[in-house]
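Q: Dock chain Y against chain X, hints included.
Note that the protein sequences, when read in sequence, are chains X and Y.
Letter by letter, the first sequence follows residues 1 to 100 of my numbering.
Letter by letter, the second sequence follows residues 101 to 265 of my numbering.
Everything labelled a hint here was simulated from the structure, so no lab data went into it.
Just to be clear, a hint being listed does not mean it is correct.
With a straight-line cut-off of 30 Å between C-alpha atoms, the simulated DSSO-like cross-links for lysine-lysine are [as the list claims (entries may be wrong)]: (1) K99/X / K85/X; (2) K218/Y / K99/X; (3) K99/X / K263/Y; (4) K85/X / K124/Y; (5) K213/Y / K85/X; (6) K218/Y / K85/X; (7) K99/X / K213/Y.
Examples of chain X residues toward chain Y, derived with CB under 10 Å [as the list claims (entries may be wrong)]: (8) V4; (9) I13; (10) G21; (11) M33; (12) L44; (13) M56; (14) T57; (15) M64; (16) A67; (17) A69; (18) L77; (19) I79; (20) N96; (21) L97; (22) L98.
Covered stretches of chain X (in silico footprint by chain Y; criterion: 3 or more residues with CB under 8 Å from a CB of chain Y, positions within the stretch not fixed) [to be verified]: (23) 6-12; (24) 24-31; (25) 45-51.
The beta carbon of each residue, even a glycine, is placed where N, CA and C say it ideally should be.
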Amino acid sequence: MITVNHYMALSAILFVIGVVGVLTRRNILIVMMSIELMLNAANLLFVTFARQTGDMTGHVFVFMVMAVAAAEAAVGLAITLALFKNRETVDIDEVNLLKG
Amino acid sequence: MEILMFNLFGGLAVAFALGTIISKRPVNSAISLIGTMFCLAGLFAMQDAHLIATLQILVYAGAIMVLFLFVIMLLNLREKVGAESRRQPFWQLLAVVVAGALFAPLVAFGGGKWLGFKNVAPDFGSTAAVGRLLYTSYILPFEIASVLLLAALVGAVILTKTKLR
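The following block holds chain X by itself, in its conformation from the complex (with noise of 0.2 Å):
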């Protein structure tokens, strides 16, 4: 018998290796598949409990989440096509001019 428990486990861990993607890589596309990944186990999370109390309002934050991850994405990668023109990097431990 599968629980809301076992999609909050599994929900977990795909956040957690998504918060050590970010943490421990240093290219910006892999930092940002990284944070796609951590939306996703949040998506996890609302269609599970969703589904849990029978209200669908679940589901359209869901959508609302996509739309937002697809606005990040696009000006995210616009932002690092920029970069990678004016610096010819994709590192962002080399991205430090607002660095005190």
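A: Same frame as chain X, now just chain Y:
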């Protein structure tokens, strides 16, 4: 059957997610992430979220990841650019430990109780039912999302323009 499907999709999703953050080349990461998206779509379909499962494949695997692959192709990165961290292994290990500490409360959230699923209406999660909700109660967020997408579209075009006048 349900347990088998959950283990299959869940295990594959975790394996592909690990592949995303471990593989050295961005293309392999992107392909692994597409695998994760498909597995999650399967899990969504298992929970009667049919519209969301379809959108997951169409929007994430179909649109966002193609955008990622397109940019990876455009950048034409040399092998292993940005793959290696110049940070000490200690800080990397600390990052993993901090993420693991985050994991504990996320799992403990159930409070030791096993929350089961109730039966839901037969049209739960169908396009008609979710669409009705979107176009009645949540029409304002829906319209704001469209404005957000338009703003992102204009922003992306402006950012990648070679000459700004």
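Q: For the pair we were handed, K99/X and K263/Y, check the Cα-Cα distance against 30 Å.
A: OK: K99/X and K263/Y at ~27 Å, within 30 Å.
Q: How about A69/X: closest beta carbon in chain Y under 10 Å, or not?
A: holds (7 Å)
Q: Does the structure keep K213/Y and K85/X at a Cα separation of 30 Å or less?
A: violated (53 Å)
Q: Does the CB of M33/X sit less than 10 Å away from some CB of chain Y?
A: holds (5 Å)
Q: Would the hint on T57/X be counted as holding, given a Cβ-Cβ threshold of 10 Å to chain Y?
A: holds (7 Å)
Q: Are the Cα atoms of K218/Y and K99/X separated by 30 Å or less?
A: The hint is violated at about 52 Å.
Q: Counting residues of the region 6-12 of chain X with a beta carbon closer than 8 Å to any beta carbon of chain Y, are there 3 or more?
A: The restraint on the region 6-12 of chain X holds, since 7 of its residues have a Cβ under 8 Å from chain Y and three suffice.
Q: Does N96/X hold up as a contact with chain Y if the rule is Cβ-Cβ below 10 Å?
A: Check failed: Cβ of N96/X comes no nearer than 12 Å to chain Y, outside 10 Å.
Q: Hint M64/X vs chain Y: min CB-CB distance below 10 Å?
A: holds (6 Å)
Q: Can the hint on L77/X be confirmed by a CB-to-CB distance to chain Y that is less than 10 Å?
A: Holds. Min distance 5 Å.
Q: Less than 10 Å between beta-carbons is the criterion; does L44/X satisfy it with respect to chain Y?
A: Check passed: Cβ of L44/X comes within 6 Å of chain Y, closer than 10 Å.
Q: Do the numbers back the hint for M56/X, that is, is its least Cβ distance to chain Y under 10 Å?
A: holds (5 Å)
When each numbered hint is compared with the structure, violations occur for hints 2, 5, 6, 7, 20, 21, 22.
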